[in-house]
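Chemist: Here's the letter readout for the chains.
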Amino acid sequence: MTVPLSWYLIFATALFSLGFFGVLSRRNAVAVLMGVELMLNAVNVNLVAFWRYLTPTDLSGQIFVVFVFTVAAAEAAVGLALMISIYRTRKTINIDEINDLQH
Amino acid sequence: MVGQILFIFIAVVTLLMALGVVVARNLFHAALFLIGVFFGIAALFILLEAEFLAMAQIIIYIGAIATLIVFAIMLSKGMMGRESGAYNKQWYFAGGAMVFFFGLVSWLLVKMPFKTISAQVPNDAIQQIGSGFVGHYVVPFEVASVLLLVALVGAIMLARERNS
Numbered sequence: 001m002t003v004p005l006s007w008y009l010i011f012a013t014a015l016f017s018l019g020f021f022g023v024l025s026r027r028n029a030v031a032v033l034m035g036v037e038l039m040l041n042a043v044n045v046n047l048v049a050f051w052r053y054l055t056p057t058d059l060s061g062q063i064f065v066v067f068v069f070t071v072a073a074a075e076a077a078v079g080l081a082l083m084i085s086i087y088r089t090r091k092t093i094n095i096d097e098i099n100d101l102q103h
Numbered sequence: 001m002v003g004q005i006l007f008i009f010i011a012v013v014t015l016l017m018a019l020g021v022v023v024a025r026n027l028f029h030a031a032l033f034l035i036g037v038f039f040g041i042a043a044l045f046i047l048l049e050a051e052f053l054a055m056a057q058i059i060i061y062i063g064a065i066a067t068l069i070v071f072a073i074m075l076s077k078g079m080m081g082r083e084s085g086a087y088n089k090q091w092y093f094a095g096g097a098m099v100f101f102f103g104l105v106s107w108l109l110v111k112m113p114f115k116t117i118s119a120q121v122p123n124d125a126i127q128q129i130g131s132g133f134v135g136h137y138v139v140p141f142e143v144a145s146v147l148l149l150v151a152l153v154g155a156i157m158l159a160r161e162r163n164s
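Residue numbers (our numbering), protein chains in the order written: chain D, 1 to 103; chain V, 1 to 164.
Bear in mind the hints are in silico, worked out from the structure with no lab data behind them.
One or more hints might be untrue.
Stated by the list, open to error - Here are the simulated lysine to aspartate or glutamate pairs, DMTMM-like style, with alpha carbons at most 25 Å apart:
#, chain 1, residue 1, chain 2, residue 2
1, D, Lys-91, D, Glu-75
2, V, Lys-115, V, Glu-51
3, V, Lys-89, D, Asp-96
4, D, Lys-91, V, Glu-161
5, V, Lys-115, D, Glu-97
6, V, Lys-89, D, Asp-58
7, V, Lys-115, D, Glu-75
8, V, Lys-115, V, Glu-161
Stated by the list, open to error - Now the stretches of chain D that chain V is said to cover, found in silico as 3 or more residues with beta-carbon under 8 Å:
#, region
9, 9 to 16
10, 24 to 36
11, 41 to 51
12, 56 to 69
13, 76 to 87
Built from N, CA and C at the ideal position, the CB exists for glycine as well.
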């Protein structure tokens with residue numbers, strides 16, 4: 001318990017920023033999905049760090065992380081299925097080429 | 001002191017791997033870096049004395065999600081798109097915005113006083129999590145399981161070959 005709480009929070013912020021940068025800047029949709037996974041993991045680190053340092057006797061912080069796991073798994077499955085479906089019809093999953101709604 | 005050195009080591013390695021996920025041109029390399037990041041996060045969970053979550057992280061993220069991503073990459077070679085650039089036109093703007101975001105949030109976090117307490121984690125933590133799922137949190141738990149089922153059916157419907 002010698003590590004200060006703010007170290008964990010700054011680490012999670014860095015991880016979230018990297019993931020967000022990946023989401024905003026990558027062209028390939030699978031890489032964008034990986035960025036989303038990084039962001040979800042950063043949020044999990046935040047939740048567990050706050051649980052450990054603020055309310056270690058109440059386990060609801062850990063239980064919430066399990067729900068984030070569930071949503072991440074559902075998101076990855078549906079996202080990859082969408083990409084495979086889009087690739088089958090468009091022969092590309094570069095998200096700057098799939099912009100039909102813009103024009 | 002040992003905990004601090006361990007934390008810095010794990011954090012630096014994990015952040016370098018996360019950078020690898022974002023900058024790697026080859027999607028397969030990015031997926032391998034992503035697995036490394038998941039391991040690093042699991043190590044941090046153990047450092048935070050959340051052993052159940054560390055194991056769940058390894059089983060769910062590495063065993064299921066990373067495997068799913070690797071499968072999707074390997075099943076569709078053309079999805080790699082290596083002939084064109086990895087970044088879109090707004091990447092420098094996104095990078096600047098994220099550096100600014102990181103600086104701002106870090107500054108706020110350092111400034112903000114959190115009332116940390118140094119209580120021990122209860123010995124029956126995993127038992128409490130389990131009874132929480134079938135007790136106080138039973139409705140969200142069931143909703144989450146329905147969500148997973150719907151996502152499963154939806155993924156199969158979306159990725160299915162339509163031979164009309």
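Chemist: Next step is simple, just say for each hint if it's right about the structure.
Modeler: Hint check results:
1. D:Lys-91 x D:Glu-75: Since the Cα atoms of D:Lys-91 and D:Glu-75 sit roughly 22 Å apart, the hinted pair holds (cutoff 25 Å).
2. V:Lys-115 x V:Glu-51: holds (24 Å)
3. V:Lys-89 x D:Asp-96: holds (9 Å)
4. D:Lys-91 x V:Glu-161: holds (15 Å)
5. V:Lys-115 x D:Glu-97: Violated, at about 49 Å.
6. V:Lys-89 x D:Asp-58: violated (46 Å)
7. V:Lys-115 x D:Glu-75: Between V:Lys-115 and D:Glu-75 the Cα gap is close to 34 Å, so the pair fails against 25 Å, i.e. violated.
8. V:Lys-115 x V:Glu-161: Violated - the C-alpha atoms of V:Glu-161 and V:Lys-115 are around 55 Å apart, more than 25 Å.
9. 9 to 16: holds (count 6)
10. 24 to 36: Holds, because 10 residues of the region 24 to 36 of chain D bring their Cβ atoms closer than 8 Å to Cβ atoms of chain V.
11. 41 to 51: holds (count 6)
12. 56 to 69: With 10 residues close enough to chain V, the hint holds.
13. 76 to 87: holds (count 10)
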